[in-house]
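Peer 1: So you can see what is in the structure, the chains are spelled out below.
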Amino acid sequence: MAYSNKVKEIYKNQLSAIQDAGLFKQERFIHSSQAAEIEVEFPTGSAPKKVINVCANNYLGLSSHPEVLKAAHDGLDQRGYGMSSVRFICGTQDIHRELEKKVSEFLGTEDTILFPSCMDANAGVFEAILTSEDVMISDRLVHASIIDGMRLCAAQHDTFKHSDMDHLEKKLQLHSNKRLKVVINDGVYSMDGDTAKLDEIAALCEKYDALLFVDESHSSGFIGKTGRGTHEKCGVMGKIDIITTTFGKALGGASGGCVSGRKEIVEMCRQKARPYLFSNTIAPVVVSGVLRVLDILSQSTERRDKLEANTKFWRKGLTEAGFVLKDGDTPIVPVMLFNAKLAQDFSRDLFDLGIYAIGFFFPVVPQGAARIRTQISAGHEMHHLEKALDAFIKVGKKYDILGKTKQEITDKYGC
Amino acid sequence: MEDMKEIILEYVIEEYCDEENDEVTFDTPLISGGIVDSFSMVSLKRFLENKYNISIPDADATPEAFDTVRKIELLVKKYL
Chain C
30 MAYSNKVKEI YKNQLSAIQD AGLFKQERFI HSSQAAEIEV EFPTGSAPKK
80 VINVCANNYL GLSSHPEVLK AAHDGLDQRG YGMSSVRFIC GTQDIHRELE
130 KKVSEFLGTE DTILFPSCMD ANAGVFEAIL TSEDVMISDR LVHASIIDGM
180 RLCAAQHDTF KHSDMDHLEK KLQLHSNKRL KVVINDGVYS MDGDTAKLDE
230 IAALCEKYDA LLFVDESHSS GFIGKTGRGT HEKCGVMGKI DIITTTFGKA
280 LGGASGGCVS GRKEIVEMCR QKARPYLFSN TIAPVVVSGV LRVLDILSQS
330 TERRDKLEAN TKFWRKGLTE AGFVLKDGDT PIVPVMLFNA KLAQDFSRDL
380 FDLGIYAIGF FFPVVPQGAA RIRTQISAGH EMHHLEKALD AFIKVGKKYD
430 ILGKTKQEIT DKYGC
Chain L
60 MEDMKEIILE YVIEEYCDEE NDEVTFDTPL ISGGIVDSFS MVSLKRFLEN
110 KYNISIPDAD ATPEAFDTVR KIELLVKKYL
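Residue numbers (the working numbering), protein chains in the order written: chain C, 30 to 444; chain L, 60 to 139.
Calculated from the structure, these hints are not laboratory results. You can take every hint at face value.
Below, computed lysine-lysine pairings styled on DSSO-like, alpha-carbon distance capped at 30 Å:
| hint | chain 1 | residue 1 | chain 2 | residue 2 |
| --- | --- | --- | --- | --- |
| 1 | C | K226 | C | K335 |
| 2 | L | K110 | C | K190 |
| 3 | C | K190 | L | K64 |
| 4 | C | K79 | C | K341 |
| 5 | C | K236 | L | K104 |
| 6 | C | K199 | L | K136 |
| 7 | C | K416 | C | K341 |
| 8 | L | K104 | C | K199 |
| 9 | C | K190 | L | K104 |
| 10 | L | K130 | C | K190 |
| 11 | L | K64 | C | K199 |
| 12 | C | K345 | C | K335 |
| 13 | C | K199 | L | K110 |
| 14 | C | K207 | L | K110 |
| 15 | L | K137 | L | K110 |
| 16 | C | K207 | L | K104 |
| 17 | C | K254 | C | K226 |
| 18 | L | K110 | C | K236 |
| 19 | C | K226 | L | K104 |
| 20 | C | K131 | C | K226 |
| 21 | L | K130 | C | K199 |
| 22 | C | K335 | C | K416 |
| 23 | C | K190 | C | K370 |
| 24 | C | K130 | C | K99 |
| 25 | L | K136 | C | K190 |
Whenever a hint applies, use it, and build me the whole structure from the sequences.
Peer 2: Right, dumping it as structure tokens:
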């Protein structure tokens, strides 16, 4: 079919509808490496401006770490740029095997399989291991990639209220007749920054003979005493059957992901997971970088300890200033503004003061729960955080929301 | 027989609501209002099918048809 005016109109109307609903996403161009300070071209066409970044997933500040860059350069020199093949034809190098082994050691699992991204890992894993005789029971706030993966799988699905153990137990009882049951969670929830109650969930899975799945994308590398993840923090290492995680956030921030867990489950993915079978795996240059990241994190907890200290400073500063925050202790610190326009205006004013943080609103978060999601990094120095805090307080004063409750803010701005 | 709308409303509140959205009525938008996400709608469909011993084709179980308790009642009555 030719790309006729009729077709063009269809897409133009859909794009207009997205714009009218205030949901049109615009990229902002960064003219520097990813770091605590970046140079952002905003609005498009303007001269790049140096700002402090408090919205990256660069939790450990490793995205531009010199040792990681050197390892990536060495990998490029020694193993080349691309594989030009899927894994099972001629797309597997010794370093892919080495990374799978190192990830298993790091996470405390039996085996690991790499995927081009964690999105691909989540898209492929359920279909590879479940059939229509099985059920997937997911927390209602799991990441969109997990929902897509569940949609691609023939197994039945059901959901439970976010972190509500009584509701989860009811669902496990309701589905007691299924061949396999899988309980599906994020380790740390990306929008609220809260942590799954993995100890309680693991106990319920044991009681009702269910498998336990956790996406550790916002946890791997820094949650838990040695940064192994939520399962370390909750004291259930070895009890998680399936972990998915990404190398695109704390673990260097480039790209790639994996499924890690029980040996047979990983092998099923190797035989059946479509994103693994029909796509090239992670490029050698990235594999080499991630190997170095895991070495750095295995040698010292210095970076995750600094991240923890930075997070405490940031949460304390915002709380004392009188902002409404979501409870938690992770580096994801949502500053609640409730009203979508207020969140957008707040973000713009922060940018004017040299702070880069983005407003989130419906449908990314529930109606009336608009916020600025801040994310702290070990790459932040105290002067970055002090400057950012100062800017937040200035803008908070401008809109007269400091010390105000949710009710008072929504009375003033609506929700 | 207990009013069907009351039964559906009771299930919706029990299954989907918490303290923050306690004012659900027969006409509250459930899906478009963000109370029930389209992925979690499956448990509501399963409840209706078991409770009223009916089968609702997937093609009819649309977010629009499930958007309010009143609309859900109309849908269920179609298959009774």
